[in-house]
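Residue 28 in my numbering sits at position 28 of the sequence shown, with consecutive numbering throughout.
Just so you know, the hints here were simulated from the structure itself, not pulled from any lab data. Fair warning: there could be bad hints in the mix.
[As the list claims (entries may be wrong)] Simulated DEER-style distance windows between Cβ atoms: (1) Pro59 to Asn25: 20 to 28 Å; (2) Thr2 to Ala65: 16 to 24 Å; (3) Thr67 to Gly94: 20 to 28 Å; (4) Ala16 to Ala83: 30 to 38 Å; (5) Asp75 to Asn25: 17 to 25 Å; (6) Thr112 to Thr85: 30 to 38 Å.
Just so you know, even glycine gets a beta-carbon here, dropped at the ideal spot from N, CA and C.
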Amino acid sequence: VTWAGNAQLWFQASAAGQYMVLTVNVPQAGTYDLSAAMTQARDYGIVGLAVDGTPLGQPFDGYHADTVTIDFGVDFGSVALTAGTHQLTWTLTGKNPASINYLVGIDYLVFTLQ
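Kindly generate the complete structure, drawing on both the sequences and the hints.
This is how it looks when you write it as structure tokens:
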């Protein structure tokens, strides 16, 4: 696997309920489609996303049985944002029964202004 910039944001969670918060700066107010490239492997969990405290889209299951891979098309949906800083909270909601851990890997995020 080759991540953008040869690295992923690796959240080494160990249980459901653990979370991390990313702060992003949006240069222009508007409605944005938010998508991501997310790592999948046999030790990855299920992660949900909230923007400024409001859940967005469906949780992403990072489990993949055979190899480490990247899902380049994870769509979290649309959100109206003001210009300025916003909080993205990534919360482990559980794990696939076949997964052996709760890891999360984010290769990159894409904010597309509608």
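Results for each hint:
no. : hint                        : result
1   : Pro59 to Asn25: 20 to 28 Å  : 25 Å, holds
2   : Thr2 to Ala65: 16 to 24 Å   : 21 Å, holds
3   : Thr67 to Gly94: 20 to 28 Å  : 22 Å, holds
4   : Ala16 to Ala83: 30 to 38 Å  : 34 Å, holds
5   : Asp75 to Asn25: 17 to 25 Å  : 22 Å, holds
6   : Thr112 to Thr85: 30 to 38 Å : 19 Å, violated
When each numbered hint is compared with the structure, a violation occurs for hint 6 only.
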